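2 protein chains.
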Amino acid sequence: MPYKEKIILVTNDDGMFAPGIHSLVDAVRDLGKVYVVSPDSPQSGKGHAVTLREPLRFNKVKTFEGIEAYECSGTPVDCVKWAKNVLLKNETIDLCVSGINHGANYSINIIYSGTMSAAMEAAMEGIHSVGFSLLDFSFEADFTGSAKVARKISEYVLGLEKDPHNPLLLNVNIPALPEEQLKGIKVCRQANARWVEEFQEGTDPHGMKYYWLAGEFVNMDSGNGTDVTALDEGYISVVPCQFDLTDYPAFEKLNGLVNDQ
Amino acid sequence: MPYKEKIILVTNDDGMFAPGIHSLVDAVRDLGKVYVVSPDSPQSGKGHAVTLREPLRFNKVKTFEGIEAYECSGTPVDCVKWAKNVLLKNETIDLCVSGINHGANYSINIIYSGTMSAAMEAAMEGIHSVGFSLLDFSFEADFTGSAKVARKISEYVLGLEKDPHNPLLLNVNIPALPEEQLKGIKVCRQANARWVEEFQEGTDPHGMKYYWLAGEFVNMDSGNGTDVTALDEGYISVVPCQFDLTDYPAFEKLNGLVNDQ
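Chains as they are written, first to last, in this note's numbering: chain A, 910 to 1170; chain B, 910 to 1170.
Calculated directly from the structure, the hints in this document are not laboratory data. Being a predicted model, the structure only gives us computed values, none of them experimental. One thing to keep in mind: the hints can contain errors.
As the list makes no split between identical chains, a pair holds if one copy fits it or if it spans any two.
[Unchecked claim] Straight-line alpha carbon distances no greater than 16 Å define the calculated EDC-like cross-link-like pairs of lysine to aspartate or glutamate that follow: (1) 942 <-> 963; (2) 1061 <-> 1049; (3) 969 <-> 949; (4) 915 <-> 1072.
Please work from the sequences and hints to get the whole structure.
Set out below in structure tokens:
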């Protein structure tokens, strides 16, 4: 039997024309056979949204030299679902990588992030998956350092045993520092932090009032070992994630509800 | 000081004209001062999506007799953010209830569900929150039993101490059974289950190929105490939820990555 190449699925939430996904493709292109399925427009903040009420379109594109790639009219999670169930339904995907996102996805942002939701969707399918985010929102961000991090971590994860019932799901954030100033990798827990929102109010050209979501990220977690602290110190944060949201310690708060039946 | 009424925020993901939210408003309307902020169109499957790239519109509507209500052009999470930060910014919300959803949101569907994501967003803001879902997708579903369940659970949660740093977040699913056949409440863990997807392929009237997401829900969890099992047995499932996605047991799998620096 011939040597079977590793199969790597690449996606993101910034869309196919964002420089971050090009850096990621280049970082992993010689680690296996790479496929790209990525949104045809920016999908930041789309969380785990799926497209149920409309059909989806997938167009084959030549955006990445030598790589089979498709643009998708839907969300990052749609991209992963279609790649797994249509494009690669007769293959085993060894790794899904998502990003490199233009901007941070640490702490609670896992929940809002299309980048991380795509990776999480792949992990739900039993695939080792990693979301990568650079702490620089700009289109001109320098991905040199973060691409090397993405390659190193991708190579590490590809070297692990497959584990379809308990796949690895990593949220990797990389400080916006010159490569030589990156301090190394810290495995972290998700910080307890949140957005303190403000809505900008305005009036549109037609005289109609609108609100535009804005806000400030606030870390309320003074404990050790969080991703926010590691990033502040110049480390690359790696948070292993899972998707059992059950709050086991809260069971006892509900005794009164159940006993009252 | 006069008796301060409890403030209850009601939202959903099926939109303001879905019968389920009317049942929910009627179920809680005498438990406090009720406000409704709900999407102006169906938002099923929108997960924790937020609207970042477009402005949002909120229109005051007279949809609910005697209740201050607003329709929102965005997602369920947008509704909660605006209610918390604009409409009720000078108030303390005592309870956020979301639903009653037309259709199940058990197990992994917490992640995809706009209903549960709205409740989760409120919990992130420190507010006790509950998402209610009836296991009947139809617009003509009978909400009689589920509305009584929603009232009972809402009353229970309103009776708890406020706990802004550790609010209760409940995912409640109700079997589509006649009221007298409902067996009572079981506090459960989220089942390990997932969607096995199929995409329906088709050609649109303009000759363009499309894919439409479909699929079947499969419970792979043979263990005890899951929401799926409880519902199968005719119980109302209540899963307490949280949003720290850190996979603590996975830390050791990453030793090789960190030690190799």
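Hint check, failures only: Structure breaks hints 1, 2.
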